[in-house]
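**Q** Chain by chain, the residues run as shown.
2 protein chains.
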Amino acid sequence: MRKRIIIIEDNSSIREGFSAVLDTVESYEVVNLYDNCEDALSNIDKDNPDIVLMDIELPGMDGIAGTVRMKKQIPNCIVLIITVLEDSEKVFRSLCAGAGGYIVKNSNLSEIVQNIDEALAGGAPMSLSIAKMVVQSFRQQQDSPLTERETEVLQSIAQGKSYSKIALDLFVSKETIRTHIKNIYRKLEVSSKADAIKIANSNKWVIGRPL
Amino acid sequence: MRKRIIIIEDNSSIREGFSAVLDTVESYEVVNLYDNCEDALSNIDKDNPDIVLMDIELPGMDGIAGTVRMKKQIPNCIVLIITVLEDSEKVFRSLCAGAGGYIVKNSNLSEIVQNIDEALAGGAPMSLSIAKMVVQSFRQQQDSPLTERETEVLQSIAQGKSYSKIALDLFVSKETIRTHIKNIYRKLEVSSKADAIKIANSNKWVIGRPL
DNA sequence: TAAGCAATCACCCAAAATGGGTGATTTTGT
DNA sequence: ACAAAATCACCCATTTTGGGTGATTGCTTA
Chain A
10 MRKRIIIIED
20 NSSIREGFSA
30 VLDTVESYEV
40 VNLYDNCEDA
50 LSNIDKDNPD
60 IVLMDIELPG
70 MDGIAGTVRM
80 KKQIPNCIVL
90 IITVLEDSEK
100 VFRSLCAGAG
110 GYIVKNSNLS
120 EIVQNIDEAL
130 AGGAPMSLSI
140 AKMVVQSFRQ
150 QQDSPLTERE
160 TEVLQSIAQG
170 KSYSKIALDL
180 FVSKETIRTH
190 IKNIYRKLEV
200 SSKADAIKIA
210 NSNKWVIGRP
220 L
Chain L
10 MRKRIIIIED
20 NSSIREGFSA
30 VLDTVESYEV
40 VNLYDNCEDA
50 LSNIDKDNPD
60 IVLMDIELPG
70 MDGIAGTVRM
80 KKQIPNCIVL
90 IITVLEDSEK
100 VFRSLCAGAG
110 GYIVKNSNLS
120 EIVQNIDEAL
130 AGGAPMSLSI
140 AKMVVQSFRQ
150 QQDSPLTERE
160 TEVLQSIAQG
170 KSYSKIALDL
180 FVSKETIRTH
190 IKNIYRKLEV
200 SSKADAIKIA
210 NSNKWVIGRP
220 L
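So the sequences go chain by chain: A and L.
So for the first sequence, the working numbering puts the first residue at 10; every next one is plus one.
So for the second sequence, the working numbering puts the first residue at 10; every next one is plus one.
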């Protein structure tokens, strides 16, 4: 049976281009084209796609939120993100949202078909370059102004712990933790937990994920 | 000039095996073998390695902490983790710690040499399977008991924001946020921010990384 | 050796945040 | 139409937080 494909992409050239290209493939059937998620979502049951090609940058609901809803509606469909490999943050978030893989915008027909077939076959349709990019984005920077202990404390703050709890966990006095916090605030030039976490995170001075 | 290599691995068979194999390569020089990080660290300046092959599971300081200190001592050296591809959590953490790549324990000579040469060449010596595994570990679970709004609120909590700040950001009253928190606590059967974050994180009900 | 940094701890204070309770209304989706 | 979700309000006591101004110990490095 031919695989049903829908394309959600606001750039009409790219949208029509992909569509034209995919329609030449025997085993595919492009059932619908959309320039936004909302319309696609409201037709999703009728379209009943096997594959969704989704742009990340979209007017209204973006491709990440769209992916979440799409997977909720029809969990068996595979969402492939159409990307230009620029924003590793967005790529990462769409992965978390349940995207099944990627298609690079300037791919040629055979690459696109290969990606889709990989996805259909259940393999992880993720190119090495994308995986590397995402993983790369987790590398900790080495030039943090924070000491190891301060990083540890900030990490605990990011886990929502109170000063007292951190003190217990690190076997020191609450006052010691307070001192560390004060030093962290001074070094990062902030005066609240949220700001400290934001600064430290954007500079990758702490590990992004609570472990 | 021959590249200086040290191997840190507590299993003597693997350690000696790698050493023997690498010594047959013209461009490599295995300068030392260790069965723990501590000894390796104290000799690091003398050994002055270009490449460190490091096991993750080690007695005493583990390979992740070892990687951090190693990179701090000699930032230019490349740490390659010797792994059996089992624990995606550990793999992820070693990436964050600054590991430059991976070598699978059962690799044959040509694979090992290829990985090391890739690392030396500055490429990211990471197999697709490892990258996939790590990225996979970030997939959000779909069966969260939390609503979208509640997830959003918990996410903000994990960013260290106060109820007032969250209320401002989401354009609702502080009381609304408090209600959401109460519902979150009830659903997760906890009664503190830290516990809620811990539960939600271990079940991947929130995206692991603060964005 | 002296200076500097890191890590530890203490006490003061006022403002803010938190957790729990008990309500309510409106919107949304099925 | 019913249930779930999202919104808001006011009560209460306790804890947490941020800022200040100290101090001691140990390590490193100029």
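Please note: incorrect hints may appear among the correct ones.
Identical copies go unnamed one by one, so any copy, or any two together, can satisfy a pair.
The calculated lysine-lysine pairs, modelled on DSSO-like cross-linking and capped at a C-alpha distance of 30 Å, are [to be verified]:
id	residue 1	residue 2
1	LYS191	LYS207
2	LYS196	LYS80
3	LYS99	LYS114
4	LYS202	LYS80
5	LYS81	LYS196
If you're looking for bench data, these hints aren't it; they were derived computationally from the structure.
**Q** Under a CA distance limit of 30 Å, which applies to LYS191 and LYS207: within one copy, between copies, both, or neither?
**A** For LYS191 and LYS207, both the intra-copy (16 Å) and inter-copy (25 Å) Cα distances are at most 30 Å.
**Q** Classify it for me, LYS81 with LYS196: is the Cα-Cα distance of at most 30 Å met within a copy, between copies, both or neither?
**A** For LYS81 and LYS196, the Cα distance is within 30 Å only across copies (20 Å; inside one copy 43 Å).
**Q** One pair to classify: LYS99 and LYS114, alpha carbons no more than 30 Å apart. Within, between, both, or neither?
**A** Close inside one copy (15 Å), not across copies (33 Å); limit 30 Å.
**Q** Could you figure out if LYS202 and LYS80 sit no more than 30 Å apart (CA to CA) within one copy, between two copies, both or neither?
**A** between (34 Å within a copy, 29 Å between copies)
**Q** I want to check one pair: LYS196 and LYS80. Are their C-alpha atoms no more than 30 Å apart within a copy, between two copies, both, or neither?
**A** between (43 Å within a copy, 23 Å between copies)
Against the hints set out earlier in the document, no violation occurs for any number.
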